[in-house]
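Please build the complex by placing chains Y, G, W, E and P on the supplied structure of chain A, with the hints as guidance.
Next come the chains, spelled out residue by residue.
Protein chains: 6
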Amino acid sequence: MGTPTAKPRRFIKDLAPGEFVEEQVFLINSKDLRTSSNGSLYIHCVLRDKTGQLLARIWQATEPMFEQMPEGGFLRFKGRVENYKGSLQFIIDAMRPCDAAAVDLADFMPQTSEDIGKMFERVKEILRQIKNRHVLNLIKQFVTDEPLMQKFRKAPAAVQMHHAFIGGLLEHTRNVLELALLVIPRYPEVSLDLVLAGVFLHDIGKTEELIYETNFQYTTEGQLIGHIVQAAIWIDQKIKAVEAETGEPFPLDIKNALQHLVLAHHGSYEFGSPKLPAMPEAIALHHLDNLDAKLHIYLDRIKSDPDTANEWTEYVRGLDTKVYKKDVMGIRRERHP
Amino acid sequence: MGTPTAKPRRFIKDLAPGEFVEEQVFLINSKDLRTSSNGSLYIHCVLRDKTGQLLARIWQATEPMFEQMPEGGFLRFKGRVENYKGSLQFIIDAMRPCDAAAVDLADFMPQTSEDIGKMFERVKEILRQIKNRHVLNLIKQFVTDEPLMQKFRKAPAAVQMHHAFIGGLLEHTRNVLELALLVIPRYPEVSLDLVLAGVFLHDIGKTEELIYETNFQYTTEGQLIGHIVQAAIWIDQKIKAVEAETGEPFPLDIKNALQHLVLAHHGSYEFGSPKLPAMPEAIALHHLDNLDAKLHIYLDRIKSDPDTANEWTEYVRGLDTKVYKKDVMGIRRERHP
Amino acid sequence: MGTPTAKPRRFIKDLAPGEFVEEQVFLINSKDLRTSSNGSLYIHCVLRDKTGQLLARIWQATEPMFEQMPEGGFLRFKGRVENYKGSLQFIIDAMRPCDAAAVDLADFMPQTSEDIGKMFERVKEILRQIKNRHVLNLIKQFVTDEPLMQKFRKAPAAVQMHHAFIGGLLEHTRNVLELALLVIPRYPEVSLDLVLAGVFLHDIGKTEELIYETNFQYTTEGQLIGHIVQAAIWIDQKIKAVEAETGEPFPLDIKNALQHLVLAHHGSYEFGSPKLPAMPEAIALHHLDNLDAKLHIYLDRIKSDPDTANEWTEYVRGLDTKVYKKDVMGIRRERHP
Amino acid sequence: MGTPTAKPRRFIKDLAPGEFVEEQVFLINSKDLRTSSNGSLYIHCVLRDKTGQLLARIWQATEPMFEQMPEGGFLRFKGRVENYKGSLQFIIDAMRPCDAAAVDLADFMPQTSEDIGKMFERVKEILRQIKNRHVLNLIKQFVTDEPLMQKFRKAPAAVQMHHAFIGGLLEHTRNVLELALLVIPRYPEVSLDLVLAGVFLHDIGKTEELIYETNFQYTTEGQLIGHIVQAAIWIDQKIKAVEAETGEPFPLDIKNALQHLVLAHHGSYEFGSPKLPAMPEAIALHHLDNLDAKLHIYLDRIKSDPDTANEWTEYVRGLDTKVYKKDVMGIRRERHP
Amino acid sequence: MGTPTAKPRRFIKDLAPGEFVEEQVFLINSKDLRTSSNGSLYIHCVLRDKTGQLLARIWQATEPMFEQMPEGGFLRFKGRVENYKGSLQFIIDAMRPCDAAAVDLADFMPQTSEDIGKMFERVKEILRQIKNRHVLNLIKQFVTDEPLMQKFRKAPAAVQMHHAFIGGLLEHTRNVLELALLVIPRYPEVSLDLVLAGVFLHDIGKTEELIYETNFQYTTEGQLIGHIVQAAIWIDQKIKAVEAETGEPFPLDIKNALQHLVLAHHGSYEFGSPKLPAMPEAIALHHLDNLDAKLHIYLDRIKSDPDTANEWTEYVRGLDTKVYKKDVMGIRRERHP
Amino acid sequence: MGTPTAKPRRFIKDLAPGEFVEEQVFLINSKDLRTSSNGSLYIHCVLRDKTGQLLARIWQATEPMFEQMPEGGFLRFKGRVENYKGSLQFIIDAMRPCDAAAVDLADFMPQTSEDIGKMFERVKEILRQIKNRHVLNLIKQFVTDEPLMQKFRKAPAAVQMHHAFIGGLLEHTRNVLELALLVIPRYPEVSLDLVLAGVFLHDIGKTEELIYETNFQYTTEGQLIGHIVQAAIWIDQKIKAVEAETGEPFPLDIKNALQHLVLAHHGSYEFGSPKLPAMPEAIALHHLDNLDAKLHIYLDRIKSDPDTANEWTEYVRGLDTKVYKKDVMGIRRERHP
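Chains as they are written, first to last, in numbering that gives the first Met the number 0: chain A, 0 to 336; chain Y, 0 to 336; chain G, 0 to 336; chain W, 0 to 336; chain E, 0 to 336; chain P, 0 to 336.
Please keep in mind that the hints were generated in silico from the structure rather than gathered at the bench.
Wrong hints could be hidden among the right ones.
All copies of an identical chain are treated as equivalent in the list; a pair is satisfied when it fits inside any one copy or across any two copies.
DSS-like mimics (lysine-lysine), calculated; alpha carbons at most 27 Å apart, straight line [what the hints assert, rightly or not]:
(1) LYS123 with LYS237
(2) LYS123 with LYS324
(3) LYS30 with LYS324
(4) LYS6 with LYS150
(5) LYS237 with LYS150
(6) LYS237 with LYS325
(7) LYS123 with LYS321
(8) LYS30 with LYS239
(9) LYS123 with LYS77
(10) LYS321 with LYS12
(11) LYS130 with LYS302
(12) LYS325 with LYS77
(13) LYS321 with LYS77
(14) LYS321 with LYS150
Looking at chain A on its own, in the form it has when it is part of the complex (with noise of 0.2 Å):
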């Protein structure tokens, strides 16, 4: 075969009934071999990048075809797309191994459609302006630990109910420090240092909590221990390391404070948080987390509904009802002309 690299990537979100795909990448999300009523076997698999997915069939397949495919890894196909009840249908008709280094993973997660190293920077730009210095040490201790701020700035913010793709982390917590932002100045009695450091730091636990190489994932320790919990550790840790550095005591009432802000901000013990808010940041930050989640889940399950033909998605089992998706200010079509 010729130079892989000739072909230009053809995202899936971009195919049409009736392409030919030839010398394409996919991630491999699921496979199964299945029999055929005639004694024939075939492969039903599952394709990925990071614009979609992509149901595809191997006809005439053997068992050797079946075990060289890698669940969860890649190959390079070629194909016929076909339209299947509606949806797209990928005949392939072969694959060969694909050179790991030639993959460019960012083509295969879903990712956050902004700017991940700008919004690092604003992040960085909206903690400096955390006056106490306490606070501001340990915030440094932080974003100064390179490994940790890689993981930060690539991790999504869960595994699928809200920005649940790469720099999803990143770009929630951004958008909940830019809400902290406008909202609190309003409350002049409601810390702004505690609120701004305790947004941070509410999920940073993710980081840890998540696995999102090829897929989303909870990690061992994410399971047997949580995101909550890991965040007041690293509290904890990066506390010493400020006392270290500073050779003077850390506040203990900041400490315990901001360690409460993590810990309570589920805001309830039946979604994990172990206390409840017990200081106005706390819940502050409860219920501008939320805001900003919440609409993300209700803007996304509108946007991503395959149903065009119903005015309401399925019924979303974390919201307890369906969302109602038509426009009906004509202000979403305003934006998508």
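Same frame as chain A, now just chains Y, G, W, E and P:
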């Protein structure tokens, strides 16, 4: 006795132990005729003005004296302020009827610390930013309903939980409108028009749900129907008025959306919402409303807690926790030097 | 083909294995274009009439054939009935459009087994027993609203739980009115007038909450506002009409009570009542409504359960239990010889 | 003193302020020895008869006087009735033992206003309508168990919630039997035999669960086992007796069904039913039982509420709401002219 | 065909891909007649023996072949084992009836790995340590009820959650008795006699609640009455037998206590206990029972999880979590070299 | 006055009516300055030592006397014990400061009845049975942290529910360790090492969560962070110390497991566990912990209930039931002759 108006008003929060009080009008919050063990009767009562409550006693009382005191009404008192178990106690020497016309009700009900007129202007100014003419027409029906607006400017936002004072509904509504103005433009797919209208209408039924002449109580309508359904009914009525004025039908979608915003704003069935938020605007309204209401509760509990020796308030039922009062960041100290 | 009307109607429940079907119209409940492992397409669909559902297949299908089938619409079918896994399967040989005018909708929707006209007369007869003239005036406003009554006679009482058939709302309302007539006079301190009016109005909002043209679904209004609040709004509107007609104000107490009865009839917040029953009439309405609705669910599950070998139905979600079908007392056997 | 029986019985509800009371027997509900601030002792106690409670005091009391008063027992009192804070207060001048034989217990316990004998006859009359001879045999075993029936005629239906008076169990059972007679024939597929038997047996365990000699309390059996399981055990025992008498086995299906009706009649686990209703008869029993019990609670709260100035009762824990007392339809006014 | 017994038993867990199977009897767990897209029929079924389940197919099937297969019954099979999607699949070539007498049921039901006889002896040995003669007499009534004990030795402890195998009830009961023997003597104020009797009786009703001939199911009695109330009834019956034998009344306190222990052992209403633990012995029984049952569930999920590549099981409904399978301490590895 | 030490200590539980008390030190639990109806002041206070509480009064009090009494502190009292409403009352004649050095705190706090030193030795002896060297190293870090162990030996296990006395945490921990030693070896696939370590650490955070100098209260850290998360943080810190000492990394799996055991030990979200038990060791720890804690509550309620005439305690909130106190088996009588 001399001319009552000659005596300047002494508010309860300004009374000092040892002070002699004359010709002062108080609201009689509650009264009790008690017998002492030696057989004599005394009256134990609680007096109130807008600045607080005062425990009072009349020794050597008689039943006619007791009958003469109107619960929820006013009398003119003379007596002496004493220190009693760390609080003040008012020993009444004499009391006599007071001319209703001479009473300024505003002196006796807790009241917003802000200017009601200015707040109302600001509310109207914000609502004028609504662009959709149908929504704007509907809002005008409410804003130009002067009897309703009189109540709207005066009603508390709740009997006791948050903004439980004259002007509280207006102050809370203004606050949430300001939050919406700041926050919603960050989510361009969320209709600011709908959110602003929803915020204005979400608690407007409290004008009918609550009594707030001389104390705060639920009305019978409030208990049988509630402010949530009341507002949905008023929207229906006002839309009919809009249609009568404009001669064109009001868009059904917008009517449905606005009624839904009001019906769903409590966010869960257990708090009396017959519908759960099914639109982005509905979930945004729910969290913005809660952010302001809950912050007010936390800050109010901290400010009003009488036990200054303890860093924690008593358990607060609605929050399911105690509130931590300590001014960890020194922010409240700065504001109240 | 010959004249369609020449063929007598064959209802699904009367079809027998081996039977040839010609010129029969069925409602297309759902359709699916599927590919077989040898690459050929077939259509898998579910047809429906008022007596039941029928699984059908078209072998060697094409996409245009699939497109031609209107989901929720009607076609005229020809084919053969076969036995398949203990149930019937319809192998379609041909299908062609059918003249909408020729379709009697009543043949395709499950329908009450009683006479709709007689039931409606009985409802009105019972309502005429209301003695209070204000309540009676209000009820008249509803009963003489012919467009509403047309829907009231036709609407189901639910999408699936109970009385989920054409005329179901009427049948259920009639049933509960009869129960009220029998039961309430035993409690002379409970107002029969209020209960009768409450029963008539409690589910009337379902005329707007549900769609029941060719299948049963929730409307957008139903999902955003709901039948409970809808009825409260209608009471408000009809009372305004009464006042316009009579020229005297409608008693506020009665309005409040009737709206409360409707709002509280689900009996708990979790089932969407924004208020809990606070009057004897409200609790009576709640239990009478449930008695009929729940009995209908139990009896319907027993009758419709296809697995005759088992004495128990499957787990029923709304009841949180399986239903025991055995006719322990031989009472149902006696009635269905 | 003179002959006690010379004095006619003065019931508490008939006492008037200023009245002198002599030779009257009251049940001592509770007693307290209190010290006044001048060091003298007084007794504060609550007296009771079937018509109500009376607060009483003995000034200048001694410990022997206090010891002499039997809590839950009877004394003969002399004293004066006074008005105290809107209620009556009884100032005791003297008290002395009273001959137990001279006390008619019926004067001291709240009691059904109906004729116990007639109600019991009516219950038996209804039960004789049961057609199935097995069910009838079983019911006979209960009805002819005279010691049990003595308790059945006397027991209250509850300690405080509903029908909490002597004969309350009988009255409630009779009520629900009448409801079943009226309602069940409208559902011909529901076995009237099973429902009648189930109604009769559903609360019969309360004869063992409650004490009702001089006050209403739970027995140890009631708290360890409960009336629900108790009734299931008795059905087992009585069926054994039927089998012994008839010499034939009792149908297992009917035994299971009857025990299920009893076990499931509370309708939900949280109210102590170990099984949820799984038969039409079980759900019918649940709602008929609740209809009568709940109506009784609402009507009783309205009638017994002492605060006539307020249209609402206090919050009622078991109903999770206040009760609206206003006689909106003038129906209760008509009955109590 | 040759003599069936000539072929040694091949258990499902020992089958290998490519293996030819002859004359093997399997239990038919479920069956399905399916049509392929080319119109031919095939049978898809699940076979079972005590070691596991096996997916099987018959290509080119006919309806009579399908009818011939008894669900829940046995056939003798011939065919070939293949690898299919990582699991085994059995392609059936022939099947014929098998002589019921030739089937050893023990080969087809999952069964305790311990010796039933020895476990039962141990149970009796422990129960003989009961010192109170009344309790001992009662236990003897159960232990000498051989028909009951036969079921007791054979019944599973549950349909699927824990100890769901023949002998499971006995094994679980023995386990909890051993725990009680170890633990209770550390609390000398807790009656070992009551706890031992309570442990023995707590699940004994499962002998009646469950069917366990060829599969595990609930009986009608189990679903209408349940093992908890069943045991309470049996205690009542056996106590009557004790009284008949000894000629003296059984102490009421002990009867109440034992019935309470059984009724309260699920520990909460939502799990079907009509009473909550009100005695130290009852709470001890609840936790000892749960300790063994829950440990069995966790260990069983770990052992039986087929996905060896994942450190976590699927979400387990009854535990509301996934189970972490990793042998962190190397303890299970040591035991299964 | 004479030498205070000349008077032997009179504990509250040993005081008798009529007794004169001199030179006795009590802890002032609470105090109240009250006015009598004749205008004189008196002090109503509650005194406490480790054996109980004593209601006391000072007649003819003054404000300076009231100010002189340190709440939570000690004074030396003189006065007379009287009988008052069935309980004792102490009429104070005089009081004077007491030398703090002369107070033995152990006399004033409820305390374990066992030897703290011996219990601690036993805890260490059991922990030495841990075989895994990593776990052992970690435990050593805790056991050799003498400031922490001082608190560990002294802290109560709770503010009021169970083991609410000095040494209670140690006693409860020792108890659960003993249970684990007895029970866990019966389940060879459950790691005894993990369970023992988990038991030792599960409540160790209570040393920081509770104050127990002169009364039992939650600390601010306890309320903001809680003992569950605190212990997880300490495990993190101590593991860092182990790594520093050993120079090798601590196994991540073991760290995760131990933190999970601590985080999940409350067993449900509503009791503040941020994670549910996901390992066999975690569920075992949960039930062993509860077995000891709950048994202690039941036995303690029985022993401490003052109302000996009643077989039942009052309703116990945490148990959702009353406790049955009767010594049915005569077992407690035997132990307390």
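Do the hints match the structure? See the list:
Proximity of LYS123 to LYS237 under the C-alpha cut-off of 27 Å is restricted to the intra-copy arrangement: shortest distance 17 Å within a copy versus 32 Å between copies. Taking CA atoms no more than 27 Å apart as the test, LYS123 paired with LYS324 passes in neither setting, with 36 Å inside one copy and 30 Å between copies. Proximity of LYS30 and LYS324 under a CA criterion of 27 Å is satisfied inter-copy only: 24 Å between copies versus 33 Å inside one chain copy. Neither within a single protomer nor between protomers do LYS6 and LYS150 lie at most 27 Å apart by alpha-carbon distance, with minima of 32 Å and 61 Å respectively.
For the identical chains of this complex, LYS237 and LYS150 are neighbours both inside a copy (17 Å) and across copies (26 Å), given an alpha-carbon limit of 27 Å. Proximity of LYS237 to LYS325 under the C-alpha cut-off of 27 Å is restricted to the inter-copy arrangement: shortest distance 24 Å between copies versus 47 Å within a copy. Taking CA atoms no more than 27 Å apart as the test, LYS123 paired with LYS321 passes in neither setting, with 37 Å inside one copy and 34 Å between copies. Neither within a single protomer nor between protomers do LYS30 and LYS239 lie at most 27 Å apart by alpha-carbon distance, with minima of 48 Å and 43 Å respectively.
Proximity of LYS123 and LYS77 under a CA criterion of 27 Å is satisfied in neither setting, with 45 Å inside one chain copy and 63 Å between copies. In the homo-oligomer, the alpha carbons of LYS321 and LYS12 lie at most 27 Å apart inside one protomer (25 Å), although the nearest pairing across protomers, at 34 Å, exceeds that limit. In this assembly of identical chains, the alpha carbons of LYS130 and LYS302 lie at most 27 Å apart only when taken from different copies (24 Å versus 40 Å within one copy). Within a single copy, LYS325 and LYS77 get their C-alpha atoms no closer than 39 Å, and across copies no closer than 40 Å, so neither meets the 27 Å cut-off.
Taking the shortest Cα distances, LYS321 and LYS77 never come within 27 Å of each other, neither inside one copy (39 Å) nor across copies (39 Å). Proximity of LYS321 and LYS150 under a CA criterion of 27 Å is satisfied inter-copy only: 26 Å between copies versus 34 Å inside one chain copy.
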